[in-house]
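Colleague: Turn these sequences into a full structure, and let the hints guide you.
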Amino acid sequence: MRNKIVRRIAMSILSLLVISALTFFLMELAPGTPVSRYADNPRISRADRERIEKNMGLDRPAHIRYFIWLRNAAQGDLGLSYMTGQPVSQEIMARLPATLRLMGASFLVALIIAVPLGIYSATRRHSIVDSVLTAGSYLGLSVPAFWFGLILIYIFAVWLRWLPAGGQMTPWFDPSVFPPFTRPFALLWEYIRHMIMPVFVLSLSLVAGWSRYIRSSMLDVINQNYIRTARAKGVPERKVLYRHALRNALTPLVTLMGMDLPAFFAGAVIVEQIFAWPGMGRLFLSAVTNNDYQVMMGITMITAILVLAGNLLADLFYTRLDPRVKYEG
Amino acid sequence: MQVDIETLNPILTESANEADVLNGIFSTLIKVNEEMEFEPDLLVQLPEVSEDGLEYRFELRDDVLFHDGEKLTAEDVYFTYQMKIAENNAVPSRMMWDKIKEFTVTDPYSFTITLYEPDVTWLEYWAYADASIVPKHLVEEEFLANGEELSKGGDFSRNPIGSGPYELVEWETSDYILLAAFEDYYRGQPEIGQVVFKIIPDANTLLAQFETGEIDIYDRAQPGQYEALVSLQENGQAIEVYQYPGFVYMHADFNLRLAKFQDKEVRQALNYAFPQEEFIATVLGGVGTPAYSDTPPVSWAYNPDIRQYSYNPDKAEELLEEAGWVRGDDGVREKNGERLAFTITTIAGNPAYASYQEIAKQEWEAIGAEVELESFDGPMFGDALTSMNFDVIVFAWSSGFDPDSTPIWHSTQIPDEYGTGQNYAGYKNDRVDELLEAGLKISDRQERIEIYHEVQEILAEELPSLFVYFMNSVVAVPDNLENFRPNPTQANNTWNMYEWKWN
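Residue numbers (our numbering), protein chains in the order written: chain A, 1 to 329; chain B, 1 to 503.
Mixed in with the good hints, there may be bad ones.
Derived DSS-like pairs (lysine-lysine); straight-line CA-CA distance at most 30 Å [unchecked claim]: (1) A:K54 / B:K101; (2) A:K54 / B:K99; (3) B:K198 / B:K501.
Since the hints were made in silico from the structure, they are not lab data.
Modeller: Written as structure tokens, this is what we have:
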């Protein structure tokens, strides 16, 4: 087992290397450089653009720049952003917590909602509730996040005034105005209040997919022999469902969650944009529009590491849940 | 604001977003007020200019303190200038600073600047946020420590110390910037204690936050939101909505190197065939001002009597016929074997540009052109423009409030011939060259008016570019905010933050 994990990690490192080379040279092939954004500014002359490019080291050939990047990245240095001049790792670290908080909360909420919904649908197949849930999940899958997000903002922020329209905290929020023992709660509520809408939007598409998945895998399991045996032996229905069936039905979901990660990152970009959430998605978007190669490289690598690690964890977890699955490196 | 702040070191940025915040933290030598007149800021009075227009004498106030309590002196101004021209610094533009021949500090509060040649437009640049005076005692250390180089991401960029009305309290990346009033500001502590700049990327969310009062001032609203803002006001929200034309103009440049665009009749015909006023009324909801040249109505040099091309497709066809462009079998006009076929290139993601393209295609095909459309995202567009690889290209220039436009129209500014300048169209006109050169040497406003009136006349006649409209700025503020005076120049609407107060 340990050997296999080591091999798997080695494979991941190789993948990262391939991803980095592909990303770097694809960006290189795309037209424009980080100084192209100055083109329609009449105050910035051609001489200025050449000077800036030289200062950024962009006058060197691409393959040399790639090896410099690789050497530095191996030592944990992702270079400086062309836009802000800040170290890329700092740029990412400034936003990663916000993104992880948003994604973590959405994953959790999605799980909490999707599992009971899936089970309920499976056990009361073709009931009205099941049909409603089926229709609802199709709706959830097909509603675009930006549209849904704006609708929520208009209802809960503009119309009802219950929730803030964006941001992750009120800039002048000062917990010290509350009595001492309530301060942590006030701070927590301040965070939660800002998270409700973005988390809801982001988890919606997951809930829709996952609940359908749980429903069908529950149905699969319920019809298996061992369940029938358990029922025949007089094990109470509740116990049959939750002790025997659910465990086996949930196992494949772990893999699915791992596979959902990349798409989930993509979805977070839109949600961050709409709810002014100061996360990585927005950093990536502005890096792309401004050809900030270094930041794009940095985020691609961090995302790749997160996704690879997520999948590795999912697989390890899977073998724990279902001993029949043998670990193949 | 919709875009993230990149840096708060004024030396290293020119973008409007940063300027909004920098206007609070820093001071400049002079200011441009909402009437577009110079006012002294750190100066006792506007500089004295020598007879030959080369020497400028400046005198500083002696009561200005930086936020750390140190006095601001001529050494700081000199240092700021040195930072602007230092080779390795990440300064975006050195154009205006390269005109300085000599900078002499005469005593702690006065200095003299000598130019290589007379250039009356030069002074304007001391008025904008990117010419804010930085404290030598703080920035120099960083400059020397990094091998005589200032990075946009350096310590000072994250923790700027200026002499402006507000001090930086907190900068939450991508989220907000919080400023607090500076007690020892030389005009006295501002009345509004705290100012927050929020970064909200989505325009709809911004509007929602404005409606709920999560933000008080909505600056740089998109033209499409003007109506929404006005209806908020009509529905009882206590706000004031301003709309005013500025210096940014959208235009379609011809690549004059191409044979098909060398007849001025072709350019005029295309202008006649474009429904400019209808475009402004429908696509922009009226939030725009028709342009007939590059000089906006708000400019003192504006010439209202130049040639205008009201929508007239018949006239357009007539002009083309006269110039020898006849329709071929497929209805597309030809002359000397050259088809009137071309591509309109623009920046992707701007609805106004896209509509312009669509309408132009439809209208111009009706008079016998064959039109392809092409849009690129920012960097690719920049490449098309700077490599002059386009037929007709649609974008916007933003200019200073001085009417000089040498970098764009002077024939020595054609990049593929002289390696410098932004005359991407490749426009050459001896008279325009002469006028632009003369305009830089004369400081008498009346004489300059005559010069620029003629430049506009020629541009409107020759049409190296189709001038479409001057963008109007839209800003909404609470109606109990006093002294908010929108400023159409690059000084931005935060230019007089120190005077704002609630009533």
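Colleague: Confirm or reject each hint.
Modeller: The hints, checked one at a time:
no.	hint	verdict
1	A:K54 / B:K101	holds (25 Å)
2	A:K54 / B:K99	holds (22 Å)
3	B:K198 / B:K501	holds (19 Å)
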